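Trainee: Taken in sequence, the protein lines are chains Y and W.
Mapping of the first sequence onto the working numbering: residues 488 to 605, in sequence order.
Mapping of the second sequence onto the working numbering: residues 1443 to 1553, in sequence order.
Read the hints as simulated data drawn from the structure, not as lab findings.
Among the clues, some could well be false.
[To be verified] Straight-line distance between alpha carbons at most 30 Å, and here's what the computed DSS-like set of lysine-lysine pairs gives:
hint : chain 1 : residue 1 : chain 2 : residue 2
1    : W       : 1510      : Y       : 496
2    : W       : 1519      : W       : 1502
3    : Y       : 531       : Y       : 496
4    : Y       : 501       : Y       : 531
5    : Y       : 544       : Y       : 531
6    : W       : 1510      : Y       : 531
7    : W       : 1494      : W       : 1519
8    : Y       : 544       : Y       : 496
9    : Y       : 531       : W       : 1519
10   : W       : 1510      : W       : 1498
11   : W       : 1494      : Y       : 531
12   : Y       : 544       : Y       : 501
13   : W       : 1494      : W       : 1510
14   : W       : 1494      : Y       : 544
15   : W       : 1502      : Y       : 531
16   : W       : 1498      : W       : 1519
Every value quoted in this text rests on a predicted model; they were computed, and no experiment measured them.
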Amino acid sequence: NAGVTQTPKFRILKIGQSMTLQCAQDMNHNYMYWYRQDPGMGLKLIYYSVGAGITDKGEVPNGYNVSRSTTEDFPLRLELAAPSQTSVYFCASSLSNRLAGTNTGELFFGEGSRLTVL
Amino acid sequence: GNSVTQMEGPVTLSEEAFLTINCTYTATGYPSLFWYVQYPGEGLQLLLKATKADDKGSNKGFEATYRKETTSFHLEKGSVQVSDSAVYFCALGRGYNKLIFGAGTRLAVHP
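The shape of chain Y in the complex, shown without the other chains (with noise of 0.2 Å):
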């Protein structure tokens, strides 16, 4: 079972720089999320999706953009870096209350992606 893939574990950028973080599910859950963890202040939402071409903004938008052109997946991007996006990100998928029947709100998340930006 793969779940939640998130791609790569790993990142080192430079201030300006760009890339992708990739975000993969074989759950075939309509939302998915995309969350930031900052050491002791919990897991931030940067970006959300309810579906195929429908992404919406969390509480922390601002420098990084998503898309969302099949089920599956879910790419973070990140613009021109700078040291305030260091942190871990998570992907994370989920059904809907109407299909999930007894297992609502409950989120799959991936195992992170570790990016320092200096």
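Keeping the supplied structure of chain Y fixed, place chain W upon it in accordance with the hints.
Mentor: The following block gives chain W in isolation, referenced to the frame of chain Y:
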């Protein structure tokens, strides 16, 4: 607004000790409440949840009761094991299953 407050860690216990991790929330309406656990080097995974007031979620010996009157969802376990060492996150659910997380509490259990 919506927010979750957890007790600060780290929490250090000996094996077989009783565990309580406090969690309180602020929210409009009556959200679902969750505890997620993160083992070293891994993503978060659902530990337990409660969807309405007075519900008790339970899993792997952990329990938490949704208390509307005190806006709390404290996590408890009667006898912790070394394998329970992890970071525990309290969260509340909003539309489209978006989660609002607390800061996390690190638990270290020693033999």
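Trainee: Decide, hint by hint, whether the structure agrees.
Mentor: Results of checking the hints against the structure:
Of the pairs offered as hints, the one joining residue 1510(W) and residue 496(Y) is violated, with about 40 Å between alpha carbons and a cut-off of 30 Å exceeded. Under the criterion of a C-alpha separation no larger than 30 Å, the hint pairing residue 1519(W) with residue 1502(W) is consistent with the structure, at around 9 Å. About 19 Å separates the Cα atoms of residue 531(Y) and residue 496(Y), which keeps this hinted pair within 30 Å; it holds. Distance check on the hinted pair: residue 501(Y) and residue 531(Y) sit about 23 Å apart at the alpha-carbon level, within 30 Å; holds.
The straight-line distance between the Cα atoms of residue 544(Y) and residue 531(Y) is roughly 11 Å, inside the 30 Å bound, and the hint therefore holds. For the given pair, residue 1510(W) sits about 25 Å from residue 531(Y) by alpha-carbon distance, which is consistent with the 30 Å threshold. Our distance criterion of 30 Å between C-alpha atoms is met by residue 1494(W) and residue 1519(W), whose separation comes to about 21 Å. For the given pair, residue 544(Y) sits about 24 Å from residue 496(Y) by alpha-carbon distance, which is consistent with the 30 Å threshold.
At roughly 27 Å between alpha-carbon atoms, residue 531(Y) and residue 1519(W) fall within 30 Å of each other, so this suggested pair holds. For the hint pairing residue 1510(W) with residue 1498(W), the CA-to-CA distance comes to about 12 Å; that is within 30 Å, so the pair holds. In summary, the hint linking residue 1494(W) to residue 531(Y) is supported, as the alpha carbons are separated by about 24 Å, within the 30 Å threshold. A hinted pair counts as satisfied when its Cα atoms are at most 30 Å apart, and residue 544(Y) with residue 501(Y) qualifies at roughly 25 Å.
This hinted pair checks out: residue 1494(W) and residue 1510(W) have alpha carbons roughly 9 Å apart, not beyond 30 Å. Annotation: proposed proximity of residue 1494(W) to residue 544(Y) holds, straight-line Cα distance about 27 Å (limit 30 Å). Restraint check: the Cα-Cα separation between residue 1502(W) and residue 531(Y) comes to about 27 Å, which is no more than 30 Å; the hinted pair holds. With a C-alpha separation of about 13 Å, the suggested pair residue 1498(W) and residue 1519(W) falls inside the 30 Å cut-off, and the hint holds.
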